[in-house]
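K.L.:
Chain A is already provided as a structure; the job is to place chains B and C on it using the hints.
Protein chains in written order, with full-length UniProt numbering: chain A, 1 to 481; chain B, 1 to 481; chain C, 1 to 481.
There's no promise every hint is true.
No distinction is drawn between identical chains; accordingly, a pair holds when it is met within one copy or between any pair of copies.
Below 25 Å or equal to it, Euclidean Cα-Cα: the simulated SDA-like pairs (lysine to any residue) are [said to hold, decoys possible]:
1. K409 - S328
2. K295 - E382
3. K114 - E382
4. K295 - L200
5. K114 - L313
6. K113 - V374
7. K409 - V227
8. K409 - Y441
9. K176 - Y47
10. K417 - R127
11. K389 - P202
12. K334 - T140
13. K113 - E382
These are calculated hints, taken from the structure and not from any lab test.
As the structure is a prediction and not an experimental result, all values here were calculated from the model.
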Amino acid sequence: MSKEVKPESVSLCPLGMTAAPEQELLCIFGTGDFGRSLGQRLLQTGYRVVYGSRRPHSCGPLPQGAQVMSHEAAAQSAGVIFLCVHRENYDFLETLVTQLKGKVLVDVSNNLKKNVYPEANAEYLQRLIPGAHVVKAFNTLSAWSLQNGPSDASRQVYLCGNSAEAKQQVVETATKLGFNVLDRGTLSAARELEDFPLQLFPEWRLPLRLAFGLTAFFFFYLLIRDVVYTYVEQDKDISFRIMVSLANKVFPIVSLIMLSLCYLPGVVAAFLQLYRGTKYKRFPDWLDRWMLCRKQLGLLALGFASLHVLYTLIIPIRYYVRFRIAESTISKIKENQTSVFDTTMAWRVDSYYAMGILGFGLYLLLGISSLPSVSNALSWREFSFIQSKLGYLTLFFCTFHTYLYGWDKFLRPSYYKWYTPPGYMLCLVVPSVVMALKLNYHNHRHRKNKTNRKRRYKDTAVTGITRAIALGNLTHCFGCH
Amino acid sequence: MSKEVKPESVSLCPLGMTAAPEQELLCIFGTGDFGRSLGQRLLQTGYRVVYGSRRPHSCGPLPQGAQVMSHEAAAQSAGVIFLCVHRENYDFLETLVTQLKGKVLVDVSNNLKKNVYPEANAEYLQRLIPGAHVVKAFNTLSAWSLQNGPSDASRQVYLCGNSAEAKQQVVETATKLGFNVLDRGTLSAARELEDFPLQLFPEWRLPLRLAFGLTAFFFFYLLIRDVVYTYVEQDKDISFRIMVSLANKVFPIVSLIMLSLCYLPGVVAAFLQLYRGTKYKRFPDWLDRWMLCRKQLGLLALGFASLHVLYTLIIPIRYYVRFRIAESTISKIKENQTSVFDTTMAWRVDSYYAMGILGFGLYLLLGISSLPSVSNALSWREFSFIQSKLGYLTLFFCTFHTYLYGWDKFLRPSYYKWYTPPGYMLCLVVPSVVMALKLNYHNHRHRKNKTNRKRRYKDTAVTGITRAIALGNLTHCFGCH
Amino acid sequence: MSKEVKPESVSLCPLGMTAAPEQELLCIFGTGDFGRSLGQRLLQTGYRVVYGSRRPHSCGPLPQGAQVMSHEAAAQSAGVIFLCVHRENYDFLETLVTQLKGKVLVDVSNNLKKNVYPEANAEYLQRLIPGAHVVKAFNTLSAWSLQNGPSDASRQVYLCGNSAEAKQQVVETATKLGFNVLDRGTLSAARELEDFPLQLFPEWRLPLRLAFGLTAFFFFYLLIRDVVYTYVEQDKDISFRIMVSLANKVFPIVSLIMLSLCYLPGVVAAFLQLYRGTKYKRFPDWLDRWMLCRKQLGLLALGFASLHVLYTLIIPIRYYVRFRIAESTISKIKENQTSVFDTTMAWRVDSYYAMGILGFGLYLLLGISSLPSVSNALSWREFSFIQSKLGYLTLFFCTFHTYLYGWDKFLRPSYYKWYTPPGYMLCLVVPSVVMALKLNYHNHRHRKNKTNRKRRYKDTAVTGITRAIALGNLTHCFGCH
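This is chain A alone, in the form it adopts within the complex (with noise of 0.2 Å):
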């Protein structure tokens, strides 16, 4: 904005009522969605706006209090830009170039696809005006959040460009509308902004991809020993458990898996931490990628697990177990049985079921802690106090449920069809390893800790998990620049 900046005006800060501020003008080429939002919005914010238009007497609604002048005029009243077209249009401003000769050009484009140009919309435009100051910003945001104000997510805006001063001016623009605004270099830090709002669950990729993988396992493991075994042994066709039954050991056995491979890298961090003697040396780059997904795996076996549940519920609906119990009922009214009620096996179904609830009931509550709203308003340590001694409790809680109900399936012969263990065995190997870990992990802490007493840290098992999440942040945090 080429205007002298008199004396008398800077009283602005702090305040006195002799000096009005003198609100400035921006300016809006595009009359689309976002530009109207984006325009609405300054105004509010007590800017005044002026639009550039190609037919500055029918371009549509406007927010109340705009100009409409043509681009030509608009870009020679104001001093900062905001270019809210696409980038296939961006050729109407070739002819432009010695009214844009030293402003701000702020590119909010995004594209509906990742990698359709050979350079990002940015540095194109920069190519194109030479003498404009273009800034990347504001593109991460939707009309939608510039009309509702900022909330959580959506205040972070990402800013990136080549000159200083013209970023600055952004920056001071983007705070007075609420933004907190995030410094990411140069332009060439275009194409990474350009792409963030076209992210598909990144961080959810190889957790879904672990599920799909051992779902699929499980499935066909258990199809061939429970359908086609009786298909071929007995020839029987039961080919309809499929549905529910076969469903409902799927569901269980991948829910502990991935539950335990949650926790799994946090004993072998602390391992590995405990043997070299320093946290500052990296983790190997599987591990820190293992341990950035622990949170979408730990969702994963929640929804599976509950999943688990549902289908345990509705058993007694079944047309199949409803027959299966009347027959068994009829059948021994023929044949005169008695039966006696056995106690332990009485005692034994209880414990699995209230285990199995129990597990399920602490495993809603660290979900419940990991929506954001909930994580952000507990202490690091309230957070760790769920998520480690609440989660390992969890861990302790579905494994013993799974003991119980496998009980003595194991020594009893018929359960190894053609020789393989039944699918709750291969269930409890991983659990069953991360919980002897974190035993023996005790143990060794102990001992080494009367040895040294010179710690600086607390080296808790949760210190050490934070520690490694922090480190592994960093290192993805320190690659963008």
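P.N.:
The following block gives chains B and C in isolation, referenced to the frame of chain A:
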């Protein structure tokens, strides 16, 4: 604030150790809850605070560090006065007209009901003290959020007033307190601001009425078909079935219809856009209104679906169900019947439960992603994926679940009591229409894409819906000024 | 920062293209996790950063763009120094007393336990370096939130210190980083700030102890009534019932009592206000404390209610229940009994389940509206409606559910084992008292309203509760200074 700004205190920004920031003095009239919370927070942010009170020496507990004076003395010493008293007490200000001349009077009052007074509190105040500059602000805050700091939704503060400089001063103070300020224009907007905290779920009114209407209709429809019919035709009183069996038919029917009504406007809007050719024509008002309450429709439908799940799961512990099963087993014994296991029935029942569980699971996921903190953490593409793609998948599962439930009932005349179709058939009309239209739309769009290569926008139903929302909201937004 | 502020750089606000903002230089001592995250964020926000390190040439990875010097050189070049080292290392600063004279020293340290040292870290630091201005700030942040940007709860930064200008400088920096700063006073508040991150659910302590106490009491009460009594009187061992049957009596009893304890203080407070006549007298401390932990009481009660629901839903798949049902059917056949369908029983059982489901559904709604992001999105009136009106409705449904469960059991002597009443009767005492008091209160208020027309406030129980909360919190707030 009538003080001269000394040149060297301007060096506040950027920082310098030599010039100390002179803390500004603000005045508060009123020592109630709000007045005390406001004063506390201003003191914590670094302001000096003086209270004006009728009885300066016995006005109850005040925040430490605040001064107390008579109203006249307090009004004279500060430039901005926060008026934290109820409207009924505004008359005492008439005695202070001379001291209040030229000051900024911030009106934070609320009424307990709408439309109690003919004019807004702020307009009444301005009429009482014409010499002061009345600014309406902070009335949407509670003493709670002043004490605990602004959180996401309470960060937005609305402001209106006739004088731009007065508003600017209040904006600066609000920003220092950590709030985002939106200017709503002149004092004529005061009525609107005063109605904000008295809202009681305005956007839920239509969906709630719809839910109530559908529930009442289907309740009486099924009451007549089941209970009244059986009483009239078979002289049997099965009215006890109202509490659970009937409820467990009404709830899923209403839920499925409302879920499909969630997705119907999107398909209708997409068809409209396809045949109109342009996106900037406004939608009909009814369609606009419908699209704005889709989230509430969906959440209500999720509530009904949850009730349906709970009612279904308690089926086997009902006295009526246990009695019926026992009777059926006993009669089988007595009549010496042997029942053959019906595999098709087993497949059908298991599939229909599996579809229901998967549909409900996805539905819960949709609900969780609607929580403010979760939806804010998602990118636009991620949110669209969940609400649109996973949403249609949910609708598909639930519709298929209902078709499997129905199976071949529609072929049997006994289900057409007094020539009325079973409830589930009425229920399936809207969802089937929505799924059919959606498939039809995709075919049309595919053909249109081939002929039109110069499309600027990738016209997915998602983009169509989002733009329609944005358009709809912009019209509402402009309507305020 | 000892540099002269040139007049033209004052034109920072408002903007001007000619004068570039000179980036301020900040110094960080300490190259650990926190030091690096802080430096990274300061660089992104536009500051220049210099690290002070013992070994400037081999201190590990630092954010790009930051300089490294020796401690003495770094201390001399900046005016504000962030001290990101542990308290045990503060002694090295004694060698830098001369360089640190007049500088602002920001202490961000935390301890791992409370009360390890006799004085707060910041006070110790000030004692070590009397010439510097020590400001305690940022200690409640984690490296995580520095990296990922401030989110709702971690936006609040507390600050304390003896020098107002030093605090002002830190406030400006924190505000630029996107945080809200609250001044807690002089350095004597440092101990309180250092205890913040070590909190472990302080407001849950009382509710958890109450829940534990009630659970233990009712567990032993019912254990004696059910298991021990049967063993002593009928010589039968039914101890297997502990895992599920007994648990499924303890959990709902504790849940209902805690839910009614949630609403009891509100009614008591409302009665107190009604008979005292004024709102500004303080409540007794115990009432105050009780009212502050109502949210936690309610959420714990919801947890117990959820466990009760799960335990109830697995009833039909328990071995004990299946055995008992089979035995009952078999004995009916053998004794050739015909059972008549008891319609009253059917009505009662179905109604009692329906009440339970509706009560639990409303209870889940209350819980969802307690989530931070949801409660922030509601207006005051909406939140009151849910928590108060819907809350009392939930209490009513759950109480009615328990009355229907009891039905006529209280009339049969066999339920009074060793002259003790059944658990459900003890459970119903508190809820019935609460409902009775509430109805009584509404009658009294209605009569009082007629006689007193000059009421300033519409005295609803809701307003009563809210004011009581606000009052309670204000006293806590003042107590800090």
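K.L.:
Does each hint hold? Answer for all of them.
P.N.:
Checked hints:
Proximity of K409 to S328 under the C-alpha cut-off of 25 Å is restricted to the intra-copy arrangement: shortest distance 22 Å within a copy versus 30 Å between copies. Taking identical chains as interchangeable, the C-alpha atoms of K295 and E382 lie at most 25 Å apart whether they share a chain (17 Å) or sit on different chains (17 Å). In this assembly of identical chains, the alpha carbons of K114 and E382 lie at most 25 Å apart only when taken from different copies (15 Å versus 40 Å within one copy). In the homo-oligomer, the alpha carbons of K295 and L200 lie at most 25 Å apart both inside one protomer (17 Å) and across protomers (22 Å), since each shortest distance falls under that limit.
With identical chains, the CA atoms of K114 and L313 are never at most 25 Å apart, being 45 Å at best within one copy and 47 Å at best between copies. With identical chains, the CA atoms of K113 and V374 are at most 25 Å apart between copies only, with a shortest distance of 24 Å across copies and 33 Å within one. In this assembly of identical chains, K409 and V227 lie within 25 Å of each other by CA distance solely inside one copy; the values are 19 Å within and 30 Å between copies. Taking the closest pair of Cα atoms, K409 and Y441 never come within 25 Å of each other, the shortest separation being 31 Å inside a single copy and 54 Å across copies.
Taking the closest pair of Cα atoms, K176 and Y47 come within 25 Å of each other both inside a single copy (10 Å) and across two copies (19 Å). Taking the shortest Cα distances, K417 and R127 never come within 25 Å of each other, neither inside one copy (69 Å) nor across copies (76 Å). Proximity of K389 to P202 under the C-alpha cut-off of 25 Å is restricted to the inter-copy arrangement: shortest distance 18 Å between copies versus 28 Å within a copy. In this assembly of identical chains, K334 and T140 lie within 25 Å of each other by CA distance neither inside one copy nor across copies; the values are 73 Å within and 73 Å between.
For a Cα distance limit of 25 Å, the shortest separation of K113 from E382 across copies, 14 Å, qualifies, whereas the shortest one inside one copy, 41 Å, does not.
Hints 5, 8, 10, 12 from the list above are not met by this structure, while the remaining hints are.
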